[in-house]
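Participant: Read top to bottom, the protein sequences are chains A and B. Residue numbering for the first sequence follows our numbering, starting at 1 and increasing by one per position. Residue numbering for the second sequence follows our numbering, starting at 1 and increasing by one per position.
It is worth saying that the hints were derived from the structure and are not from the lab. Note that the Cβ used here is the ideal one computed from N, Cα and C, for glycine as well. One or more hints might be untrue.
Computed list of chain A residues with no C-beta within reach of chain B, every gap over 12 angstroms [to be verified]: (1) Ser2; (2) Leu37; (3) Glu48.
Quick partial rundown of chain A residues pointing at chain B, CB under 10 angstroms, derived from the structure [claimed, not checked]: (4) Thr25; (5) Ser43; (6) Leu50.
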Amino acid sequence: MSEAIARFLAMGGYAAYVWPAYGLTLCVLGGLLWWSLASYRRSRRTLERLQGGREP
Amino acid sequence: MNLHRFANPARFMRLSSALLPWCGAGAAALIGIGLYLALFIAPPDYQQGEAVRIMFVHVPAAWMASLVYALMALASAIALIWRHPLADIAALSAAPLGAGFTLLCLVTGSLWGERMWGTWWVWDARLTSVLVLFFLYLGYLALVNAFDEPGRGARAGAILALVGIVNLPIIKFSVDWWNTLHQPASVFRLGGPTIDASMLWPLAIMVLGFMLFFATLLLVRMRTTLIEAKIRVLLLSEIERHAAASPRQAVAS
């Protein structure tokens, strides 16, 4: 089992190229998601405060 | 068709809030399935071995880089010609996402190139034109935010986005027009794809996942901009109300 995992992680000797590519994809997409959602929530909270708790 | 029927921000807010959960769930599901297929199910390439798995993130990112730019230019044209109030917002919301996809395309391509070509970077036509695309996104963002008056920034940005569209066919056909280290098209070509179905399916699912991911964040970002506009209106009306209540104080401050 652990041998299979090790073989998978080794990516046929290309681990140093495949995993950074997937890692960066996760970072960029995750970063865009986090940034977009954070500013969305912030603006919604501000609007709710200005409207005195009423629905935007 | 009356475009302005869809120009109503309130209508957009309703429509987008109905669409968002579906887009988000679809994106998560497709990218999840796509990653599983790309890493576990797709076979290694007979020449490139396991390194070919970089394709499943590189190609979707590359296609999205161009597609998002095309959409941004289209939205800019609609903004310039019809003054559609949501078009500028759409273009500005799309730009950082397109820049992200382009960066992803460049770096994953660099990793792939180092292993397969033996170099991180060459100044060939494909790589250079994609780098130009990245700078077009950055230039657009810098230009739009460079003006005190948002309307003027949006107008200047829209013109830049339209001029920059000339780069898209250069990217697409660079591999045919010039001798590039980059391989020619293997999916969208006359005579059909040259890559095997066992790799084409995971790739197609990843591409759809990236598209829905983009759609989700585009809607979220457009909603954010509309809410911020509403906040500005509310703050201004509050200031005016204060000024009307105590005019002398308002002048003094």
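Participant: Hints the structure violates: just list their numbers, smallest first.
Facilitator: 2 and 3
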